[in-house]
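4 protein chains.
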Amino acid sequence: MCDLDAKRLTAMGRRYPGTQTTTDYKSLMADPELDAVAIATPVWTHFDFAKDALEAGKHVLVEKPLTASVAEAEQLIELAERSGLTLMVDHTFVYNGAVRKIKEIVQSGELGDLLYFDATRINLGLFQDDINVVWDLAPHDFSIMDFVVDGQPELLSAVGSCHIKQGIENIAYVLLKFPNELIAHFHFNWLSPVKIRHTLIAGSRKMVVYDDIEPTEKVRVYDRGVTTRSESDVVDKEAAYQTLVSYRTGDVWVPKLDSTEALHYVCQEFLSAIAQSRRPLTDGQAGLRVVRLLEAAQRSIGAGGGPVRL
Amino acid sequence: MCDLDAKRLTAMGRRYPGTQTTTDYKSLMADPELDAVAIATPVWTHFDFAKDALEAGKHVLVEKPLTASVAEAEQLIELAERSGLTLMVDHTFVYNGAVRKIKEIVQSGELGDLLYFDATRINLGLFQDDINVVWDLAPHDFSIMDFVVDGQPELLSAVGSCHIKQGIENIAYVLLKFPNELIAHFHFNWLSPVKIRHTLIAGSRKMVVYDDIEPTEKVRVYDRGVTTRSESDVVDKEAAYQTLVSYRTGDVWVPKLDSTEALHYVCQEFLSAIAQSRRPLTDGQAGLRVVRLLEAAQRSIGAGGGPVRL
Amino acid sequence: MCDLDAKRLTAMGRRYPGTQTTTDYKSLMADPELDAVAIATPVWTHFDFAKDALEAGKHVLVEKPLTASVAEAEQLIELAERSGLTLMVDHTFVYNGAVRKIKEIVQSGELGDLLYFDATRINLGLFQDDINVVWDLAPHDFSIMDFVVDGQPELLSAVGSCHIKQGIENIAYVLLKFPNELIAHFHFNWLSPVKIRHTLIAGSRKMVVYDDIEPTEKVRVYDRGVTTRSESDVVDKEAAYQTLVSYRTGDVWVPKLDSTEALHYVCQEFLSAIAQSRRPLTDGQAGLRVVRLLEAAQRSIGAGGGPVRL
Amino acid sequence: MCDLDAKRLTAMGRRYPGTQTTTDYKSLMADPELDAVAIATPVWTHFDFAKDALEAGKHVLVEKPLTASVAEAEQLIELAERSGLTLMVDHTFVYNGAVRKIKEIVQSGELGDLLYFDATRINLGLFQDDINVVWDLAPHDFSIMDFVVDGQPELLSAVGSCHIKQGIENIAYVLLKFPNELIAHFHFNWLSPVKIRHTLIAGSRKMVVYDDIEPTEKVRVYDRGVTTRSESDVVDKEAAYQTLVSYRTGDVWVPKLDSTEALHYVCQEFLSAIAQSRRPLTDGQAGLRVVRLLEAAQRSIGAGGGPVRL
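Same order as they appear, the protein sequences are chains A, B, C and D. The opening residue of the first sequence carries number 1207 in the working numbering; numbering runs sequentially from there. The opening residue of the second sequence carries number 1207 in the working numbering; numbering runs sequentially from there. The opening residue of the third sequence carries number 1207 in the working numbering; numbering runs sequentially from there. The opening residue of the fourth sequence carries number 1207 in the working numbering; numbering runs sequentially from there.
Since the hints were derived computationally from the structure, they do not count as laboratory data. Please note that a few of the clues may not be correct.
Copies of the same chain look alike in the list, so a pair counts if it works inside one copy or between any two.
[To be verified] Straight-line alpha carbon distances no greater than 16 Å define the calculated EDC-like cross-link-like pairs of lysine to aspartate or glutamate that follow:
| # | residue 1 | residue 2 |
| --- | --- | --- |
| 1 | Lys1462 | Glu1387 |
| 2 | Lys1401 | Asp1417 |
| 3 | Lys1257 | Glu1280 |
| 4 | Lys1401 | Asp1429 |
| 5 | Lys1257 | Asp1241 |
| 6 | Lys1213 | Asp1464 |
This is chain A alone, in the form it adopts within the complex (with noise of 0.2 Å):
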């Protein structure tokens, strides 16, 4: 284990008695008998160590965001290409018992064709003074839906403000288009009174709306849209409209969800991945999806709400 505070390093020394401590990363890059490494940090510095270790043999495990730009994901992970290594990032979200039940509804194509997904999650936060709101919240919402749908966004537009430090936006919007009619918004907000982690992800079929605040009820499944007929069918052209879109509103069903903690799934499916020496399931291209993103975000708010094409 390494860290910089050497009081909290001996604290999980004792926890951990198993392991070796150490406040200089250097040596721990030096230790043959070291494998693989997980870097918890701040973003900007992901990039040097996370590459320091690749280039020291080590498999990485990288918390999210994977790195500080499009850029050194991009190095990242072509310099775990090249010397073989696993290359993962902690998209937590993607592993836990709901958004890995949501993904499994999406997939068996219950849900019908996506129409949208809209995400919020704002509460009174824990302001940052080195990242905005977009990159402190957004890499949970954007991993979710990376990992829950299919296809890429390929235009992004994203506004924010500023209310506490200037040049640290604390509210923004985002949203993305996808090349069908798709559309994904976000509201990320660390100046909120309440406390709210709310998705609706709504299918031509059925709609899934996921709340995270919820102790145990976080996943429900609405058997509820719109019913569409085409014109030839409709024969009294009087009350054409009427005929032709009808609501369709039936059951909720609430599934039981895997509570085990998702970190106990990262750790296994970083392990796999180098057991078997495949792709992880967050592996560096979900980590520089997501960064990229972040970045247009940021270019976006900075352009006035201008749309970025991805």
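With the hints as your guide, set chains B, C and D onto chain A.
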């Protein structure tokens, strides 16, 4: 009372025996006994009916939105001015207990400077085939914002998507920028599995949450926010930022609301405005401001989200 | 239509022009054209009106509770039997979508053996000065239980307290014991700051939660319970108990409900029972069973909670 | 630290390196260096351990409930008195922010006269095989009531049912009557599909709702109640009652709560009580009062709900 549907007309006539009924609105206009008319018809008909009524010397109360375009609204205002008649738009929410209480709180300065206004109005809605979700739902929230927030937005950008019928957006996001750091954001949606009517109004000192679904506790005032101090006050340059920015969370207050039906006050205001020949609270100008936002939103959606100067 | 309040009578008459109105109920009884009457008056008047109507050869639908005493209820039943007339009590809840769905679920055996029935019906209520909170609120929950649960309770005990007016309980708790291990408990309260309409129906296999405040998702079926195995199956005698008793928590199902107004089905049932000269679903016996519980509760409260054999 | 489980002991020892560990509690008692002990073991062992500790001259903090019987509790109190040692019971809830705030509000007289106390503590619980749901859950609510409400109940009646294991009630209802019109009611349940921790405390002027599931807004003070006037004040003898009794509904106030962990204050109180050789807030007497209620509830359940004089 005038209605093209003779059956409904008879039923209403029975219920309000004092009234005379007709299917020909011209006869209303011609009736010298008639001082004022209320128009509750499809949006695209508002202008003609209101114009005829004003030209016939009647005071006019029009269902929201006032008209289908800015040009029409301006004409009606000009016409009412010239003929010294009362032109009022039925922005119902402006007259309900919750919104009036919020206005009172904002005006008292209790919230401090307004930082953002965030409104969500979504449900599995009744689809219209002549107007989209913005023209259907936005008049509510635009009129609430127009009433509660001082100052005018200078920039609008909006995006929408048509999942049911080409050319009729069923989901839309609208963003408004004000001269200061204040931003307003709106989510309108006819295709949500759940019904949400949720508005956040954040000030520098306190914040209001308005949940219109709540049976009684619709308005909650949170004594929460962020305290920032000027660099100069801070001694310890180390932990500078942490000492500069800190939370404040205090009590929550749920004010009792006047539960009188809004429509009661709408009528009252219309009559007293006529009697005192004064501007009603929601006059033609208020109607115009809302129509201007609707028109701009439509234009921005058409332009794929491009910003529209107001 | 008959009402002592002439003003209300006129208003109703206008609204339903087909009807004749009178302030003298005797004239109703005398009218040979009249086949059936519906009685919605204070409880203590039910018996006299219903008796007169039955003796005048009219079928009768009585507002709940059927009568103010068991003796009265028995007389009406006997009278209706003799004269071959339909006597029905308006246990409205028995006809609403939520309760009918619950009945359906219980009857299907899906819940397994019923273990307990727990109902809470509290709010800041309209105080009555002639009847207490039990006679006011209990008819709802007693009739729901009577409809949903098979078998009759054999023991009742109830306690109450009078905080506003001597002799008029404004809060009461009622407990029912059935021959098996099933128990039913009720909390009635006119003096609660919050409105709660919450019923738990627990079975050995599944459990139902009925929340009547919920706008749409009133009924929830929980696939939760406890699994017990016989000692013999258990090898490890150490952790015997833990292996004998274990939880089961599965999905939650929120069935779609028929939203038709209950009163619609009440009238339908009354008419078809008359037409087919058959017992209505909520006949005199159902009314009697509820009145018996009300009377017993009153007696038990008087006796300071002493158990009353039913 | 003493524990029979050597493995757990080692783990704890590592975590708190300052401490010495043993599996033989006699050695603790023998240690002259040791001034005080905290006992967190099964209920039926509390008495022996606490007795030995007191006889060994140690101050004692015992997990709730204090003992398995009134007789045991009285002996411990007497023993502590004689030897001038501190005997404290860990009624944790008495030390948490929500309950302390409620106590503060009740003591301020803001609520007026207390009318009723209604507590529901239900969930799909961990079944015990040595104690029933009352001994498991009631200590929480009994200690809260004992702390918040002045005056002692004089009558208790309780009913329960065993659905999983004979002789071990998994659901129970307990009612307490106080000298005045105040009543307290409790619902304890190990077999509920939903988790509810809900307490109503109604006063003649205001009412408190304490919802322990709520993450932050646990305590709500409702300015609601009933206003009654003496007959004499009323002129109109017609509508007498209506003018005598009327509602009052005002604002709701959600006070900010101290979020410090209760256990922190428990330890603090134990230490300062020893240091100042004074009675702790939750002393032996408080423990005894709760055990008396538990014992009485057990007896009443055994007697099929018969009232037990306290």
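Okay, the hints, checked on the actual structure:
| no. | hint | in the structure |
| --- | --- | --- |
| 1 | Lys1462 to Glu1387 | neither (31 Å within a copy, 29 Å between copies) |
| 2 | Lys1401 to Asp1417 | both (11 Å within a copy, 14 Å between copies) |
| 3 | Lys1257 to Glu1280 | within (11 Å within a copy, 64 Å between copies) |
| 4 | Lys1401 to Asp1429 | between (27 Å within a copy, 15 Å between copies) |
| 5 | Lys1257 to Asp1241 | within (15 Å within a copy, 56 Å between copies) |
| 6 | Lys1213 to Asp1464 | neither (36 Å within a copy, 29 Å between copies) |
Consistency note: the structure conflicts with the earlier hints numbered 1, 6.
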